[in-house]
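Participant: One-letter residues, chain by chain:
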Amino acid sequence: MAREPAVSPGLLPGAKPWNPYAYTMPALALMAVFVIYPLAYGVWLAFTNMSLTNFWTVKFIWFRNFYNVITDLDFYVLMFRSLVWTVSCVVFSVAIGMWLAILLNRKLPGKAIFRLFLILPWAIPQYIAALSWKTMFQHDFGTINLVLKQLHISPVPWLSHPTWAFAAVILVNVWLGFPFMMMICLGGLQSIPYELYEAADCDGGTGWNKFRHITLPMLRPVLVPAITLSVVWTFNLVNVIYLVTGGGPGNKTDILVSNVYRTGVDFYRYGYASAFSLIIFLILLVFAMLFVWRTRGDEGATE
Amino acid sequence: MTLRKKAVAIVLSAFLAGSLLAGCAATKETKKEPDQPAAPKVVELVFWEQEEAAEKVFDPILQKFMDANKNIKITRVHYETEKLRTNFLTAVQGNQGPQVVFGPDDNVGVFATAGVIQPLDSFFDASFLSTLNKTALDGNRLNGKLWGVPDRIGNQLMLIYNKALIPNAPANTDAVYKFAADFKAKNADKYALVFNQTEPFWLAPWLGAYGGSVFNDKNEPTLDTPAMVSAFKLMQDLKAKGVIPKESDYDAAEALFKDGKAAMIINGPWSVGGYLDKKMDIGIAKIPQVSGAGWPKPYTSTKAYFVSKLVTDKDMKDAVKTFIQYMNSEETQKTLAAIHKQWPTNTKANESDVIKNDPVMKQAAAQLESATPMPIIAQMRVVWDTWKPQMQLVIAGQATPEKAAKDAQADCVKKIAEMK
Amino acid sequence: MKIRFKHRYFERGDSVPKIIAIYVTLTIVALLTFYPIWNIFNMALRPQQTLYSTSLRLIPENATLENFRVMLFEKPLLGWMGNSLIVAGTTALLSVVLSATAGYAISRFKFRGRKGFLTFLLTTQMFPAPMLLLPTFLLLTRLGLLNSYTGMIIPYVATSIPFSIWMMKGFYDTVPIELEYAAAIDGASNWTTFTKITVPLAAPAMAIAALFSFMTGWSEYVVARVILTKAAMYTLPVGLVTLQSAFSTEWGRYSAGALLTMIPAAVLFVLFSRYLVGGLTLGSVKG
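Line by line, the protein sequences are chains G, L and S.
Under the working numbering, residue 303 is the last one in the first sequence; the count climbs by one each step, no gaps.
Under the working numbering, residue 420 is the last one in the second sequence; the count climbs by one each step, no gaps.
Under the working numbering, residue 287 is the last one in the third sequence; the count climbs by one each step, no gaps.
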């Protein structure tokens, strides 16, 4: 059977009350210094006017940056695009990853080889993958269009048309992301006892029913953290879009975080970009709390 | 299982210990530096650059310098243009960073405004500065102060043509269209002309041909002008008539030209070396005149040496002076120019026979006569960033030239105001 | 006879057509997934150093291994790889150790701050990275950790722990607590139970955490680029980036370098994926 609720140290025999703190202290200490300090600095910057002209001495300007961010219409366009980007990437990665995991979760000679090929995108650094895909999308030389030509389909302006460009970056990110989901699902699937499926078969369960009522709930404890983190990472992913389309054409594949990069790094508006980042942070925080709370993902599968 | 785990644990702990030791060693090293024995004191100068093929270009010269100046040790670090700028700003914030930075002069606007470099009028003697071309020096002035020591003028786009495919350069755009029509008929998979269609740096020459410019005298952006609209229209025309490919960034244009699938390419002096290495028979000419308008005016810029504001120690200042003066001496500039094929700023080097008779530079000289200096103010960054998306949209057929020009102007004005 | 053969190698519930369909699907997907990687290999074999080529050939004309030779022997690629191995390896090790313990505590104990800690882990991932570069640099400078292995490893561990802890907790949740009760009854302390029983069972999760942390250290270049200015300390991504210039990148060399970068990572994945198949506990406590 699966899981038990967390117990307090007193109940678990052989454990002292200070055990949990001892176990978590090292990780917490490390993060306190190397994550909290930069975050705090970033938050502080958000309330200042640091920019190219105010590089060495900065003034505290309260909420002016935030006001500038949310009164800019572009913000909402970018937010919408970030949402579409994130949802598409995560949905497709999870779907494909789970589907492949189910296919591989059985006795099948040679499945180790398939698994190896399918996990490779995860072993490729993003900047290399982006480069390879960028060449594949090129209008005249790219593999995809060359193949389409062979099939007598007219070539697609992958990188010069905003909608196609958006599809292109989603495709690249899904290619990069599905192996991760596949491995998570594979790991989770292996922990589902076979007896459950057999029992369902006896009761006359169909494939879809078994999936919905056995597989999905049992995968919940591992899938929810993975999806939550994946949403957060994808929402804030600068690299893939930057490397494949540069945000183009015409800045139409930009998402919220690429704007942070542009205003902070290209225009040196450090204060503004930090405020922008803080707002993105709050958006994601609200999402995470809602998502984890609604799916009760921090609890076990049987609760 | 336990035994194996123990073994693994031991190996990995050793690993960890080793790496921590290595880390400590590295930090100990950096902490040791201030305590040096009396004289001669060895000054360690860190030099950041973004030169193409930097190893080939700089390292022999740096070695010669260090041989001649035993008390100065130079460490060269290469960064790409954007990273150079960002990392230098970040480094100086943390009181770190190189003493000397070498990059394009549009860094002046950024670095000077942020206050991360120091003015050089009194840093160097007037006698040294007088050996350099005055226009180039002026190009590195902002608000009356000199911020960089330029070592070359150039970087201009030119027309480079493959003599095997087109024996003579076309003089104007009508000739280009005529050639393209014939060429396309005979070679379906080839293009008459290629260039980087994603960066406005390549659009700027055409803007100049129509008499436009991106800033007016008061340094306000002027992106919504008839000249700009005409330049956009020209791009659409070239694409519609099949003269240029539907999509082409820098690498695609290079690939086409190097593979012999394009007759002409608009590119800069830095690229010529690559074509010559491939033994291509190329010619260099002025970018063709726009029929019914003027000659295209590509941007020229200088590349200059900047000095970090953190250089205050007298010994370091002397070392920096010696280094920069050496790099801009007649001999060094002659050597460098032979490789990068651009005009040295040292007036004596400029007039030397070696430079005057270099075939590539002779052909490129014509273009320099029809060129315009690239603006170096910090707002130029905003111009590039707002111009670029509109250019891409126009070429993709997603926006009309008129709308694109209007949008670019509005966006640019807004963002410049925000930058304050 | 035939049925027994089939049962030995395949699932009982899978019919022959289903098995064939699965093989075909997996093959197609595997090949499609692999092509972009082959593309890089293709680029590395090209002698012209161009990014694009007009032919669809799987092996280009005049294919040559020259680029690999140059990268391995003339450029300091092996040095870069050594640095990356140390950085990424240590990151993986530290990350697994720290997350295995912290994840265990969160899974097994109800203690004050438990929920807060979990949420905190999640929130550390939410602040967009570009703005954290400057303060991270300032912090590392102040601690004297520029151009050092430690300066790279610690931020990488700090950023990869949150995921690892969540992952370990999730998997610990599926390990029945009866096992630990059983051990405690035999008089084991919590630490002993943890190290001797729970940890080995969570091997698959540790494998995922290790792989993930390794990849963080292996392919990160934004922070590395700012911290490492001494060429001797360059990691692979930083070294490769120095090959790129605004205009004249030698793509053939770059691709060869990129492929050589991928190989150690791929090897690691193959080795570790065996742990992932092992499956989790279950069935070890009956009744």
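Hints listed in this document are in silico derivations from the structure and should not be mistaken for laboratory results.
Please read all numbers here as calculations on a predicted model, not as lab measurements.
No residue lacks a Cβ here, since even glycine has one placed at the ideal position from N, Cα and C.
Treat the hints with care, as some may be off.
Pairwise CB distance ranges (calculated) [to be verified]: (1) L:115 with G:61: 15 to 21 Å; (2) G:113 with S:64: 28 to 34 Å; (3) G:150 with L:222: 53 to 59 Å; (4) L:129 with G:44: 55 to 61 Å; (5) L:95 with S:72: 49 to 55 Å; (6) G:59 with L:237: 19 to 25 Å.
Participant: Are the hints correct? Go through all of them and say.
Facilitator: Evaluation of the provided hints:
In this structure the supplied range 15 to 21 Å holds for residue 115 (chain L) paired with residue 61 (chain G), their Cβ-Cβ distance being about 20 Å. In this structure the supplied range 28 to 34 Å holds for residue 113 (chain G) paired with residue 64 (chain S), their Cβ-Cβ distance being about 29 Å. Here the CB-CB span from residue 150 (chain G) to residue 222 (chain L) is close to 48 Å, at odds with the stated 53 to 59 Å. Roughly 43 Å separates the CB atoms of residue 129 (chain L) and residue 44 (chain G), a value that falls outside the hinted 55 to 61 Å.
The given range of 49 to 55 Å is broken by residue 95 (chain L) and residue 72 (chain S), whose C-beta atoms sit roughly 39 Å from each other. Range check, residue 59 (chain G) to residue 237 (chain L): Cβ separation about 50 Å, and the 19 to 25 Å hint is violated.
This entry does not satisfy hints 3, 4, 5 and 6, going by the numbered hints stated previously.
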